[in-house]
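Going line by line, the protein sequences match chains U and V. Residue 1 is where the first sequence starts when you use the numbering used here, and the numbers rise one by one after that. Residue 1001 is where the second sequence starts when you use the numbering used here, and the numbers rise one by one after that.
If you're looking for bench data, these hints aren't it; they were derived computationally from the structure. In this text the structure is predicted, and so the values were computed from the model without any measurement. Watch out, some of these pointers could steer you wrong.
Stated by the list, open to error - Pair by pair, the computed Cβ-Cβ distance ranges are:
1. V:1010 <-> U:80: 46 to 54 Å
2. U:247 <-> V:1100: 34 to 42 Å
3. V:1100 <-> U:514: 48 to 56 Å
4. V:1100 <-> U:295: 33 to 41 Å
5. U:475 <-> V:1010: 39 to 47 Å
6. V:1100 <-> U:79: 27 to 35 Å
7. V:1010 <-> U:60: 44 to 52 Å
8. V:1010 <-> U:720: 33 to 41 Å
Stated by the list, open to error - Listed below are several chain U residues computed to face chain V (Cβ distance under 8 Å; list not exhaustive):
9. 448
10. 452
11. 454
12. 564
As the list claims (entries may be wrong) - 27 Å max Cα-Cα, derived DSS-like pairs, lysine-lysine:
13. U:454 <-> V:1010
14. V:1078 <-> U:250
15. V:1005 <-> U:454
16. V:1049 <-> U:796
17. V:1078 <-> U:25
18. U:60 <-> U:89
19. U:562 <-> V:1005
20. U:250 <-> V:1049
21. V:1078 <-> U:6
22. V:1078 <-> U:672
23. U:780 <-> U:762
24. U:584 <-> U:617
25. U:790 <-> U:591
26. U:611 <-> U:762
27. V:1091 <-> V:1049
28. U:148 <-> U:82
29. U:3 <-> V:1078
Idealized CB from N, CA, C, for every residue including glycine.
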Amino acid sequence: MKKREKLVMIGNGMAGVRTVEHLLKLAPHAYDITIIGDEPHPNYNRIMLSSVLAGSTDMKEIVINDWDWYKENGIKLVVGEKAVRIDTKQRQITTQLGKHFDYDRVIIATGSQPFMLPIGGSNKEGVIAFRNIKDCETMLEASKQYKKAVVIGGGLLGLEAARGLIHLGMETSVVHIHDYLMERQLDEPASRMLQRELEAQGMTFLLNKQSAFISGRKRVKALHFTDGSEVQADLIVMAVGIRPNVELAKASGIDVNRGIIVNDEMETNLPGIYAVGECAEHRGIAYGLVAPLYEQGMVLAKRLAGIDAPGYQGSVTSTKLKVSGVDVFSAGSFIEDASRKSLRIQDDLAGTYKKITIDSNGKLIGAVLFGDTSDGAELFSLIKRGEVVEGREKELLLGISLDQLNGGNPAARYEAMPDDEIVCGCNGVTKATIVDAIHSKGCNSVSSIKACTKASGSCGGCKPIVEGLLSVYAGDAAAEPVKEGICGCTTLSRDEIVAEIQRMKLLTIKETMNVLSWTEPEGCSKCRPALNYYIGMLYPEEYADEKESRITNERYHANIQKDGTFSVVPRVYGGVTTPSDLKKIAEVAEKFNVPMVKFTGGQRLDLLGVKKEDLPKMWEELDMPSGHAYGKTLRTVKTCVGSTFCRFGTQDSIAMGIRMEKAFERLNAPSKVKLAVSGCPRNCAEATIKDLGIVAIDGGWEIHVGGNGGVKVRATDLLCVVKTEDEVMEWSSAFLQLYREQAIWNERTAQWIERVGLDYVKQALQKQEDRLALMSRINKTLSLTTDPWKEIIQDKELRKNFEQLADIQTAAQ
Amino acid sequence: MATSKILVGKRSEIDVKSSRKLRIENIDIALFHLSDGSVLAVENKCPHKGGLLSEGMVCDGKVHCPLHDWKIDLRSGKVQDPDEGCVTTFKTEVDEQSGDIYIHM
Chain U
1 MKKREKLVMI GNGMAGVRTV EHLLKLAPHA YDITIIGDEP HPNYNRIMLS SVLAGSTDMK
61 EIVINDWDWY KENGIKLVVG EKAVRIDTKQ RQITTQLGKH FDYDRVIIAT GSQPFMLPIG
121 GSNKEGVIAF RNIKDCETML EASKQYKKAV VIGGGLLGLE AARGLIHLGM ETSVVHIHDY
181 LMERQLDEPA SRMLQRELEA QGMTFLLNKQ SAFISGRKRV KALHFTDGSE VQADLIVMAV
241 GIRPNVELAK ASGIDVNRGI IVNDEMETNL PGIYAVGECA EHRGIAYGLV APLYEQGMVL
301 AKRLAGIDAP GYQGSVTSTK LKVSGVDVFS AGSFIEDASR KSLRIQDDLA GTYKKITIDS
361 NGKLIGAVLF GDTSDGAELF SLIKRGEVVE GREKELLLGI SLDQLNGGNP AARYEAMPDD
421 EIVCGCNGVT KATIVDAIHS KGCNSVSSIK ACTKASGSCG GCKPIVEGLL SVYAGDAAAE
481 PVKEGICGCT TLSRDEIVAE IQRMKLLTIK ETMNVLSWTE PEGCSKCRPA LNYYIGMLYP
541 EEYADEKESR ITNERYHANI QKDGTFSVVP RVYGGVTTPS DLKKIAEVAE KFNVPMVKFT
601 GGQRLDLLGV KKEDLPKMWE ELDMPSGHAY GKTLRTVKTC VGSTFCRFGT QDSIAMGIRM
661 EKAFERLNAP SKVKLAVSGC PRNCAEATIK DLGIVAIDGG WEIHVGGNGG VKVRATDLLC
721 VVKTEDEVME WSSAFLQLYR EQAIWNERTA QWIERVGLDY VKQALQKQED RLALMSRINK
781 TLSLTTDPWK EIIQDKELRK NFEQLADIQT AAQ
Chain V
1001 MATSKILVGK RSEIDVKSSR KLRIENIDIA LFHLSDGSVL AVENKCPHKG GLLSEGMVCD
1061 GKVHCPLHDW KIDLRSGKVQ DPDEGCVTTF KTEVDEQSGD IYIHM
């Protein structure tokens, strides 16, 4: 095995750890990594400190990488120690406790420290900065004993600190040397609007004030200004700026200016020594906002992973900030002069302000938004692109959508969409990436774009936009799109595949793929479970279900969680349980140390965080049927109390629900199926957003279908109204079987009905003979199902798959 | 570092197109039994969000991560397009007579 290089990072903050995180993704085993941090905490989100103060966030919640993360990634973490010297000859780092660390490469990510005004009395008790968890704790402590707080600095950080102090119940004044607040991010009109808003929230401002000295005995009493005035203070928070931490670099012979000087590769003048984050100075700029620091981190991670990628080119920054509900945005250069012109619009009724600045070449170079920052992202991307906006200035200012300006022409809308606008939010795919896939990678269908870029591959919500972009940018190529199959392995559609299976009576997945000329011999995670479903649906008696072609959850009959543990949900018919069942669930949860027991949205209990090895044992002890909370099957039948107890109930919704759940449990379907029964039109069981929802009315039942409360909310359509419970069963059975036979695998009833139309469903179920035929088919299928948990408990061959094959420690050598 | 050859189990203990997980020296490994009879081992951790590859669907020498469907080639350890990354692979050996599986570490 190749000897790994030793990578030591000095600093354990956001930019540095982000770099390491990215490096681990790109080259997981390239380095032995050590991180030395002087704060006694794992990496946390400094930006959220103000939210901690404001009480909306807990200290624990701001941790980005917890202790386990370091452990899991094999990173040696040294906290509470400060690196004091880098011996660049011996390639060794020394800490203040005299520990030595050898290195092959070093990342300096020492961040910055708050700049403390060098005025008299600044060493008194009660004078602090606002930078780390300790400062936050000091502020929390002080707020319990003292009343008056003064923040020096009316910039971003100072106002955040002041907001926190107000929230802690302190009378808070903000001192600022400039004559208006946040002058680096805002112009004067926007700043005045912000000031008014903050004053209304209880902040007071002392503008144009230069601090002279701090008085008090041991603890601070007052802050005095150069003009002779003063303000009482029990706590002074200095937030006048930050200074990159360069001492270590300087002492080690690394070139520094304001920050540690780095080139486009984030490397210092000494080879193998890099700097990233607030401590680094690139092309004369030391950044303090997180976005550019993360950009630097990406560049450095690629460099360390040996990936050839463009260097760091510097960042155009934007600020988006919320101070107690006030949205503020600014980007670029927004102060006008002889060569720059501005357009602005101010609405004091709505409390909004917008200004855009254009340079002499007609390029948008800056913007300020106050109150409504929804146009921020679009403006920022225009600024970054440096595009000429001549002739469009007023549109940009007024924010009239380009769609409207173009008379609603959709093609124009897609053309006008900025290149860096995110189209697919799940996978972070921009318009530019999609257009590039169309132009240079020959994608001419939504599915090829999906395969190439992942756009529309997760929730699918952006598919219409991807289709739109395709039609605009693929031109003629998209006019005759390649026929799309159910996945990349075939060009056949669901209906064609099902027809072929029936025509040739294909009884295995392998045979089907073979006969229908699949391009991938064993298919993929899309077509394998689909074929498994279709063949099983067509031939329930003859087809042997192939568990290897089921998705993970259906193979293990439990829901896989993000950490690889599973959840266990026993069946609770109609949401009605008994004290003895509850006791049993509680005992099993205790016995197996289940980390969380939670009520599901479907009226049952979820035991979360179960190790795979424990699943069969737990099922055995529970001795309850599987709730199938994991599969493309019938999930729950949610019920309201109904006429059993409720004074409004018109029918016995509980009994109806239990009857349905007992009838349909274990039913495989194209996608998950959720049912509900409400006892009256108040609909407490929320039946009208279920796949099949029954609502009792006086003397009958309404049957609603095709609802969904998930990705895209859809209310049900009313299928029919019937009189008896038996009729409810007949219609429900027929509806479910029609869906099973007609829908595409992974298609919910809502999408299916949208696709085929309610009329089709109504027509197919209109005649009773058709309904009874469907019902007999569903009953046949249901009669062949067994409880999967019981099956696994009793079968050693199935049970082995839940156990670890081996756990071998050194003894095996 | 010298490599060692470790007996981890029998091929018949892993269903075809399926996987079992195991640990060697605290490294989590997923062991796959492919349709052609070969047995492959990779680190049991998707480079994306750490999903357990042993729980994924196996398609012709590739596994789909159960968490977000990343597709990983079990021979090279390479993540397939459009995603990027790789997992560590371990050399395996199967005694065709006994079906014993060895991993080289």
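Structure-based check of all given hints:
1. The hinted window of 46 to 54 Å between residue 1010 (chain V) and residue 80 (chain U) holds, with their beta carbons roughly 49 Å apart.
2. Taken as a hint, the range 34 to 42 Å is violated for the pair residue 247 (chain U) and residue 1100 (chain V), whose Cβ atoms sit roughly 59 Å apart.
3. Remark: the range hint 48 to 56 Å for residue 1100 (chain V) to residue 514 (chain U) is contradicted by a beta-carbon distance near 32 Å.
4. The hint said 33 to 41 Å for the Cβ distance between residue 1100 (chain V) and residue 295 (chain U), and at roughly 51 Å that hint is violated.
5. Hint check: residue 475 (chain U) to residue 1010 (chain V), Cβ distance near 58 Å, so the stated range 39 to 47 Å is violated.
6. For residue 1100 (chain V) and residue 79 (chain U), the Cβ-Cβ distance of about 45 Å falls outside the hinted range of 27 to 35 Å, so the restraint is violated.
7. Take residue 1010 (chain V) and residue 60 (chain U): their Cβ atoms lie about 46 Å apart, and the range 44 to 52 Å holds.
8. Take residue 1010 (chain V) and residue 720 (chain U): their Cβ atoms lie about 58 Å apart, and the range 33 to 41 Å is violated.
9. Restraint check, residue 448 (chain U) versus chain V: the minimum CB separation of about 11 Å is more than 8 Å; hint violated.
10. Interface hint at residue 452 (chain U): satisfied, since its Cβ lies 6 Å from the closest Cβ of chain V, which is below the 8 Å cut-off.
11. A least Cβ separation of about 5 Å between residue 454 (chain U) and chain V falls short of the 8 Å threshold, and the interface hint therefore holds.
12. Annotation: residue 564 (chain U) was flagged as interfacial toward chain V, and the flag holds, the nearest CB pair being 4 Å apart, inside 8 Å.
13. Proposed proximity of residue 454 (chain U) and residue 1010 (chain V) is contradicted: the alpha carbons are some 38 Å apart, above 27 Å.
14. Of the supplied pair hints, the one linking residue 1078 (chain V) and residue 250 (chain U) is violated, its CA atoms being roughly 42 Å apart against a limit of 27 Å.
15. Restraint check for residue 1005 (chain V) and residue 454 (chain U): the C-alpha separation of about 40 Å exceeds 27 Å, so the hint is violated.
16. Our distance criterion of 27 Å between C-alpha atoms is broken by residue 1049 (chain V) and residue 796 (chain U), whose separation comes to about 32 Å.
17. For the proposed pair residue 1078 (chain V) and residue 25 (chain U), the alpha carbon gap of about 12 Å is at most 27 Å, so the pair holds.
18. Among the hinted pairs, residue 60 (chain U) with residue 89 (chain U) is inconsistent with the structure: their alpha-carbon atoms are about 41 Å apart, more than 27 Å.
19. With a C-alpha separation of about 32 Å, the suggested pair residue 562 (chain U) and residue 1005 (chain V) falls outside the 27 Å cut-off, and the hint is violated.
20. Restraint check for residue 250 (chain U) and residue 1049 (chain V): not satisfied, since their Cα atoms lie roughly 38 Å apart, outside the 27 Å limit.
21. This hinted pair checks out: residue 1078 (chain V) and residue 6 (chain U) have alpha carbons roughly 24 Å apart, not beyond 27 Å.
22. Of the supplied pair hints, the one linking residue 1078 (chain V) and residue 672 (chain U) is violated, its CA atoms being roughly 33 Å apart against a limit of 27 Å.
23. Under the criterion of a C-alpha separation no larger than 27 Å, the hint pairing residue 780 (chain U) with residue 762 (chain U) is consistent with the structure, at around 23 Å.
24. This hinted pair checks out: residue 584 (chain U) and residue 617 (chain U) have alpha carbons roughly 14 Å apart, not beyond 27 Å.
25. Between residue 790 (chain U) and residue 591 (chain U), the direct Cα distance comes to roughly 20 Å. Compliance with the 27 Å bound is thereby established for this hinted pair.
26. Between residue 611 (chain U) and residue 762 (chain U) the CA atoms are separated by roughly 46 Å; this puts the pair beyond 27 Å, and the hint is violated.
27. For the hint pairing residue 1091 (chain V) with residue 1049 (chain V), the CA-to-CA distance comes to about 24 Å; that is within 27 Å, so the pair holds.
28. At roughly 34 Å between alpha-carbon atoms, residue 148 (chain U) and residue 82 (chain U) are farther apart than 27 Å, so this suggested pair is violated.
29. Between residue 3 (chain U) and residue 1078 (chain V) the CA atoms are separated by roughly 21 Å; this keeps the pair inside 27 Å, and the hint holds.
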